[in-house]
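Chains P and E, in that order, are what the protein sequence lines are. Numbering that gives the first Met the number 0 numbers the first residue of the first sequence as 0 and each following residue consecutively. Numbering that gives the first Met the number 0 numbers the first residue of the second sequence as 0 and each following residue consecutively.
Careful, some of the hints might be misleading.
Pairwise CB distance ranges, derived in the manner of DEER restraints [unchecked claim]:
#, chain 1, residue 1, chain 2, residue 2, range
1, P, Thr83, E, Arg16, 55 to 63 Å
2, P, Asn1, E, Asn221, 44 to 52 Å
3, E, Glu118, P, Trp221, 29 to 37 Å
4, P, Thr83, E, Ser60, 30 to 38 Å
5, E, Ser72, P, Ala166, 31 to 39 Å
6, E, Asp117, P, Asn1, 38 to 46 Å
7, E, Asp167, P, Asn169, 43 to 51 Å
8, P, Val218, E, Ser60, 30 to 38 Å
9, P, Leu31, E, Arg16, 35 to 43 Å
10, P, Ala166, E, Met0, 47 to 55 Å
11, E, Asp117, P, Ala225, 35 to 43 Å
12, E, Val249, P, Phe161, 22 to 30 Å
In the PhoX-like style, the derived pairs of lysine-lysine whose C-alpha atoms are separated by at most 25 Å in a straight line are [claimed, not checked]:
#, chain 1, residue 1, chain 2, residue 2
13, P, Lys81, E, Lys141
14, E, Lys209, P, Lys16
15, P, Lys16, E, Lys277
It should be emphasised that the hints constitute simulated quantities derived from the structure, not laboratory data. Backbone N, C-alpha and C fix where the C-beta goes; we use that ideal spot for every residue, glycine too.
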Amino acid sequence: MNGTRTLLYKEVLRFWKVSFQTVAAPVLTAVLYLLIFGHVLEDHVKVFDRIGYTSFLIPGLVMMSVLQNAFANSSSSLIQSKITGNLVFLLVTPLSHWAWFVAYVGASIVRGLVVGLGVLLVTLWFAPLGAAEPVWIVVFAVAGAAMMGALGLIAGLWAEKFDQIAAFQNFIVMPMTFLSGVFYSVKSLPAFWQGVSHLNPFFYIIDGFRRGFFGVSDVSPWIGLAVVGASLALVCGLCLHLLRIGYKIRY
Amino acid sequence: MAAVSFQHVSKIYQGHRDEVRALDDVSFDIEQGEFFGLLGPNGAGKTTLISILAGLTRASSGRVTVHGHDVVSDYAQARRALGVVPQELVFDPFFSVRETLLIQSGYFGLRDNDAWVDELLQNLGLADKANANMRQLSGGMKRRVLVAQALVHRPPVIVLDEPTAGVDVELRQTLWQFIARLNREGHTVLLTTHYLEEAEALCSRIAMLKLGRVVALDRTANLLAGTASTMLSFKTDQALPPALAVRSRVTGRIVQLKSNDAAEVEALLASLRDAGVKVEDLEIGRADLEDVFIEIMQSGAERAALPTP
Chain P
0 MNGTRTLLYK EVLRFWKVSF QTVAAPVLTA VLYLLIFGHV LEDHVKVFDR
50 IGYTSFLIPG LVMMSVLQNA FANSSSSLIQ SKITGNLVFL LVTPLSHWAW
100 FVAYVGASIV RGLVVGLGVL LVTLWFAPLG AAEPVWIVVF AVAGAAMMGA
150 LGLIAGLWAE KFDQIAAFQN FIVMPMTFLS GVFYSVKSLP AFWQGVSHLN
200 PFFYIIDGFR RGFFGVSDVS PWIGLAVVGA SLALVCGLCL HLLRIGYKIR
250 Y
Chain E
0 MAAVSFQHVS KIYQGHRDEV RALDDVSFDI EQGEFFGLLG PNGAGKTTLI
50 SILAGLTRAS SGRVTVHGHD VVSDYAQARR ALGVVPQELV FDPFFSVRET
100 LLIQSGYFGL RDNDAWVDEL LQNLGLADKA NANMRQLSGG MKRRVLVAQA
150 LVHRPPVIVL DEPTAGVDVE LRQTLWQFIA RLNREGHTVL LTTHYLEEAE
200 ALCSRIAMLK LGRVVALDRT ANLLAGTAST MLSFKTDQAL PPALAVRSRV
250 TGRIVQLKSN DAAEVEALLA SLRDAGVKVE DLEIGRADLE DVFIEIMQSG
300 AERAALPTP
């Protein structure tokens, strides 16, 4: 247990030492999204009744930051250690696959939540935001960050080069988060694309998270919880299996 | 109980078209407290064998134990007993030397390891670099940190994979003094090295690997005794007569010729004189481990394949 705690501490320390890049930068990016989209679309897009577009946008941007940064943390940490070779220091330790999982995913959750909180605190300046059902805020934030941390760990195990991680990020993670209803309510989409959106687990994460702030959502948060919980279990199961067999790290 | 036991270890790497047999039925034991040398040319399988021992690679068949703990089924206990200094000069650029060592201690479940970490820093000449970032260190200093990192959990078995490759004389001295002290205190040491004089000076027993097989396994003294007793060496700028050229070892201007007794030395010198070869700095000495090594590596079919001028 002690060893796991050390690895978790080291993983948190790793991103904290470069927090300008790992925390401040993504917060700034999210604020720029808010300023530009909020300004342009405030008077044109009506999502739920009585909720302004900028208010609507904030939870989406917060969750998008949580997801992307949770993924970035575990994936970049692992690929860097693999490529520079210092993963050997971890491979020779008695730490089990559970220890690796808890530490890498745990640090991803911390990074995701720290960035998300940063985005939330800064964007609160721009529009009012309540917390109608705060439990959902916490549940979906943690579940989303955990899922992306585990997915990042899988990507980090699988990738052999930095550009493979970048491809994973740009061609899978980015489209799935952008097309999950960060910038719009999927109800505004044509029926076909609404159906497609419902196949995207990120849609349920963002919809459920938004529910926590406004008390309204596109689908029931319980359905969202079921979908997200199942996806999370699947990703974590695969991740633990790959760690146990030493996929691409113990030959 | 053996400190390390290799039992019928084989490793086959699947290539795209063919398979490569990196290790072929390797078996030997290293006793507790031994200073053991693992020698062999590049590609002989030394690093593969050590990787299997450390859990970095899995054997295709066979079994390895450390103090009785199987490195696969009982990996946690096996790795606690093992301290591995990797061959590559790797480091984590995010941390200082002290952070690196305390974090490594933590992986083994050790908290409050500061006293031992300080002792390691002192003994390896790193005390004034404790708070420097790993990126700021020279290659030699990084190598010292690698050694310290392998020792944070006071492992009874220490594995050094070519620790002195590309390292200056001072560090080599510091390192060997420290490792020799640990060995005297009861630690088992497994060393791979390209510097045969190091192995000869330090190791009480030696295994030689060639193409994934153990081709020699004996006490260092026995290996030395078993070879030709005398080496004739001299310097020359001229070409040797063909009869001598095929059996000589030439390094630049230095020529070495093996001989079994004094009469043979006389005969060699006579044929050099007859050929008109001018000989400088003539020495007659005992064979060393390098001679044994070369003899063993060239034995068998490959001797015939040596180029003749």
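Hints versus structure:
1. P:Thr83 to E:Arg16: 55 to 63 Å: Because 31 Å falls outside the window, the suggested range is violated.
2. P:Asn1 to E:Asn221: 44 to 52 Å: holds (46 Å)
3. E:Glu118 to P:Trp221: 29 to 37 Å: The hinted range 29 to 37 Å is violated for Glu118 of chain E and Trp221 of chain P, with Cβ atoms some 58 Å apart.
4. P:Thr83 to E:Ser60: 30 to 38 Å: holds (32 Å)
5. E:Ser72 to P:Ala166: 31 to 39 Å: This hint holds: roughly 37 Å between Cβ atoms.
6. E:Asp117 to P:Asn1: 38 to 46 Å: With a Cβ separation near 20 Å, Asp117 of chain E and Asn1 of chain P fall outside 38 to 46 Å, so the hint is violated.
7. E:Asp167 to P:Asn169: 43 to 51 Å: holds (45 Å)
8. P:Val218 to E:Ser60: 30 to 38 Å: violated (54 Å)
9. P:Leu31 to E:Arg16: 35 to 43 Å: Given range 35 to 43 Å: violated, Cβ gap about 52 Å.
10. P:Ala166 to E:Met0: 47 to 55 Å: Check passed, 50 Å falls within 47 to 55 Å.
11. E:Asp117 to P:Ala225: 35 to 43 Å: At roughly 54 Å between Cβ atoms, Ala225 of chain P and Asp117 of chain E fall outside 35 to 43 Å, so the hint is violated.
12. E:Val249 to P:Phe161: 22 to 30 Å: With a Cβ separation near 47 Å, Val249 of chain E and Phe161 of chain P fall outside 22 to 30 Å, so the hint is violated.
13. P:Lys81 to E:Lys141: holds (18 Å)
14. E:Lys209 to P:Lys16: At roughly 46 Å apart (the allowed maximum being 25 Å), Lys16 of chain P and Lys209 of chain E break the hint.
15. P:Lys16 to E:Lys277: violated (67 Å)
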